[in-house]
Structure formats: structure tokens, C-alpha cells
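In terms of our numbering, the sequence shown is residues 457 to 949.
Among the clues, some could well be false.
[Unchecked claim] Derived lysine-lysine pairs resembling BS3-like cross-links, with alpha carbons at most 25 Å apart: (1) Lys-732 <-> Lys-533; (2) Lys-836 <-> Lys-771; (3) Lys-546 <-> Lys-533; (4) Lys-549 <-> Lys-641; (5) Lys-732 <-> Lys-777; (6) Lys-574 <-> Lys-533; (7) Lys-699 <-> Lys-546; (8) Lys-788 <-> Lys-641; (9) Lys-821 <-> Lys-771; (10) Lys-844 <-> Lys-821; (11) Lys-549 <-> Lys-699; (12) Lys-821 <-> Lys-641; (13) Lys-777 <-> Lys-821; (14) Lys-641 <-> Lys-732; (15) Lys-481 <-> Lys-641; (16) Lys-641 <-> Lys-699; (17) Lys-844 <-> Lys-641; (18) Lys-732 <-> Lys-788; (19) Lys-533 <-> Lys-544; (20) Lys-641 <-> Lys-771; (21) Lys-836 <-> Lys-821; (22) Lys-574 <-> Lys-544; (23) Lys-707 <-> Lys-732; (24) Lys-788 <-> Lys-546.
[What the hints assert, rightly or not] Distance ranges between label pairs, derived from CB positions: (25) Ile-700 <-> Val-882: 39 to 45 Å; (26) Pro-837 <-> Val-936: 47 to 53 Å; (27) Lys-574 <-> Glu-806: 27 to 33 Å; (28) Ile-700 <-> Arg-542: 25 to 31 Å.
Note that these hints are calculated values from the structure, not bench results. Don't be surprised by glycine CBs; every beta carbon is placed ideally from N, CA and C.
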Amino acid sequence: MTENSDLPFTSLLIDGQYYPASSAKSFSVRNPYTNNIVGYAASATSQDCTNALTSAGRAFPSWEATPHSQRRDIFLKAADLVSTTRYKEKITKAMREETAATDSMVFMNIRRVGEQLKDAAGLVSGLKGETFASALPEGYVVVQRRAMGVIFAISPWNVPVILTIRAVAVPIICGNTVVLKCSEKSPRSQSIVAELLKEAGLPPGVLNFVSMDRQDAPELTAEIIAHPLVRKINFTGSDGVGKIIAAEAAKYLKPCVFELGGKAPVVVLDDADMEKAARAIASSTVLHSGQLCMSTERVIIQRQISTILIPALIKLLSSVKAGDPLTDREAKLSALFTEDSARNVISMIEEANAAGATVLLGDVKRDGAVVQPHILNGVKPGMRLWDKECFGPVIVIAVADTLDEIVDLANASSYSLMAGLWTRDVNVALGVAARIRAGCTNINGPTVHVEPQRGYAGLGGASGYGHFDVDNFTDARMVVVHPSEERAYPVVG
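With these hints in hand, go ahead and build the complete structure from the sequences.
Next up, the structure:
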């Protein structure tokens, strides 16, 4: 099954039981920094995926009928379990080995997961309908919030535990069952979520976990989407893959929730608190080496303050080193998730430089998958580094004079997930924020920020659409109770 039986092996979870792939095929998982193999995972076959879907379909009627309080208690127990040393150590080891995560990213995943599970548990209070008088005399209407059925969830590697919880928790608490496909980069990290919920008492079949070799994924993903049991798809990842999944779903008119890419602009006006703005921008640029959909990628600065903010950003990021934080105390950032990703980041920088942008910080080089922080000035719409998500520790700067110019630059993007705005004038802040087309605009704060009661979502385009909430993972079904008295009907009387 594996070349080195001493390394961890991630199994499939189908109908509450762990299995290798039915073909016994597996694939290796490598650490992004060392490129060493750190584990193996079962590579699901078409039959394995069908078994997972069948299990989810079989489990759905009883899970939908499960009392809300019982669902809530399972999630609260999971929240307690994830705070134990045992699960903290599991998450830490898996994330460090599979994603080369720094301590800050590991801590974020561990801390936030417990909160997420409690938030999900609380959603049962929203699983209620409404009743009102019918247009018919003496009739009335009942609107019920009902689970949809089997949800196909696809979750990425970059924030493996938090985003996996998000992909499955809301659908499950709403009464749906789920087949979860993990990233081939982080199967062990993501399988911990399935293990956690299983231990907390989630019944067999409610959550099924499948991993698959990257070469097999396109065909198997299409098969799963096409399966008649699947009612909805949620996907977090790149806009390129999102388009492929959307096209497959469109063949069967199946709805989707997509959280895709980001190219967050941060607007800094002349009256901003420069020191606070610089720190927030720098942090949201390089956290997890810029591999977050909320990462700050574009900074649009009003001209007067640009002369002091740009040097401040250069100073802050000059002190941030990428490397191996486990062996080098000076390294605050780790590697990008693949050498191909690092190669693409450097290519985008080189193209922008050749087109007239100025590199203010950075060596325009990579060491394997390691890229040092970079700052570029003079990047413009039309350059790939402006138009496309970079997913690296890179800031592009544009300087403008008027609010109209600044807003136009902020909106010169197909991404609409997150934005930031710095000013001391609350009236100006609210006015400008209203003109920035983003699902969330943070005033005087970092772009890497989540409000648990609302989450974040794109407004279409390259950032996707839809929320992970009760409305998106239930159907509002209307029942009309007609009056009992005799009445005439068209045609038949």
C-alpha cells in the first residue's frame, strides 16, 4: 500500500468505517519546504465515491429527523474534544508536515475550530419556518426550513482545519449529509475533522471523507457532481477550478456555494494613522506567506501619505524572512505550497517589472518553494500581478490623488471578497466603503478578519458567491392548507 509503512496513512471514511481504496491505490504527500514524503493517503476509486454517496443518501432521512438538540450536542462535544491536548497535537503535527504551517497558522486553526463548532451548534436556533394567512379565505400557509439532502463539499489545503469545518459543519447542522473531498496536499490535516465529528457521536454516513490522487480528481469530481443524490456543491479554492466545477454543476442545474480567490485592495487616505495602517497591511500581506483568500494584495495610497507609508512598509517587511521556522528562529514565513506556485509568483513579479513596475523590496528569486516578501510600485490594471490572485507574500502599490481615482482602482478587479480602508474620518470612511465593491470592507483594520455571525463571501466573479449559512443549505418549502368548505373548480365545476 505504501512505500514506507512507518509514515502516516490517511484512510477513506465511508459509512462510519475507515477503508483503504478499493483498488489499494495510494498517493504520497510531501512537505512544501523539504519536499520530503510525510505521509500517504488512499486514492479513492469511482466505486469508493459511489459508496460514499450511497452511504450519505442512506443516512439522510434519519439524520434530517434527528432532534435539533441532539445535533447541537454533537457539535458542542466536538468543540470540547478539539480543545484537548490529543487533538491539538494531531493538528499541529499534521499541519506542520503537510503544509509547512508556521506556529501562528497552527494556533489560528486550533483556536478558531472550537469557536466554529460552537457557532455551528448555535445555528439550530435558526432552523425554523414561518406561518401566515393564505390568500384563500380561511386558509393558511406554513413555510418549513428543510434540509436539502446530500451535499458535496470540496475544501482546500491552505487553512485545512478551519475551512474543512466550514465546508461540512453548516450543511450537517442543517440536517444534510456530506461527502467531503479533501485536497491531495493535506489529507491527514483535513481527515482530523471527520475523525473529530465521528468521535463526538456523528452517526455513520452523515459525513463521508474521500481523498484522491490529483490525476484522478477531475473525472471523479465530475462523477460525484453528476450523481443524482447530490443536491448542492460547496467549493473553496481557485477561480479557475471553480469555473470547471460550476460548468459541471450547470449540466444538471445544481446550485453551488463558491468561495474562490481574493485580490484584496486596501485604500489608505491622507489622514490615516500611518503606523497602524502599515502594520495591518504588512501582517495581512505575509501571514501564511500570502496564501489566504483574504490576504492584502493591492495597496492604493493617497499621494500625500504615500511618501511615509511606502518606506514604513518597506521597513516592516524587510525584517520578515521566509525559510523553515522549525529550524531557523529568524524565519517568520514558510514555503509556498508548491514550487510551481513559487515559480508563478516570481513570473508575475518579473512580468510587472518588465512592464514598468518598480521592485522596492525583494530579490525576484525563489529558493525551491520559498519566496521572500516583495513590494512593487507602479503596478497597473492589465498587468497579471494586478489582475490575478498572486497567493504569495507580495504587495503591489498604486498612488492616486482623488477619492474617485482611488475607488476606481480599488474596483479595477474581477475579485470582490475583501477590502480595507484607512482614514480617521468616519463619515468619509462610510462613504468610501459604500463605493468599494467587496463582500466585506474593513475600516481601520486588517483584511484577514472574519465575523463569525456573517462570514465572508464574494459578490460573484473570481471571488465566487453564496454564504455558508442556514439559508444556503436548507430549502424553504411552502405548505398551503386550503379551506375545507365546498367550492367550484375551473373546468370541472
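So, going through the hints one by one against the coordinates:
| no. | hint | result |
| --- | --- | --- |
| 1 | Lys-732 <-> Lys-533 | 39 Å, violated |
| 2 | Lys-836 <-> Lys-771 | 23 Å, holds |
| 3 | Lys-546 <-> Lys-533 | 17 Å, holds |
| 4 | Lys-549 <-> Lys-641 | 14 Å, holds |
| 5 | Lys-732 <-> Lys-777 | 21 Å, holds |
| 6 | Lys-574 <-> Lys-533 | 9 Å, holds |
| 7 | Lys-699 <-> Lys-546 | 34 Å, violated |
| 8 | Lys-788 <-> Lys-641 | 22 Å, holds |
| 9 | Lys-821 <-> Lys-771 | 20 Å, holds |
| 10 | Lys-844 <-> Lys-821 | 20 Å, holds |
| 11 | Lys-549 <-> Lys-699 | 33 Å, violated |
| 12 | Lys-821 <-> Lys-641 | 24 Å, holds |
| 13 | Lys-777 <-> Lys-821 | 14 Å, holds |
| 14 | Lys-641 <-> Lys-732 | 35 Å, violated |
| 15 | Lys-481 <-> Lys-641 | 16 Å, holds |
| 16 | Lys-641 <-> Lys-699 | 21 Å, holds |
| 17 | Lys-844 <-> Lys-641 | 22 Å, holds |
| 18 | Lys-732 <-> Lys-788 | 20 Å, holds |
| 19 | Lys-533 <-> Lys-544 | 15 Å, holds |
| 20 | Lys-641 <-> Lys-771 | 34 Å, violated |
| 21 | Lys-836 <-> Lys-821 | 22 Å, holds |
| 22 | Lys-574 <-> Lys-544 | 17 Å, holds |
| 23 | Lys-707 <-> Lys-732 | 49 Å, violated |
| 24 | Lys-788 <-> Lys-546 | 22 Å, holds |
| 25 | Ile-700 <-> Val-882: 39 to 45 Å | 43 Å, holds |
| 26 | Pro-837 <-> Val-936: 47 to 53 Å | 52 Å, holds |
| 27 | Lys-574 <-> Glu-806: 27 to 33 Å | 46 Å, violated |
| 28 | Ile-700 <-> Arg-542: 25 to 31 Å | 38 Å, violated |
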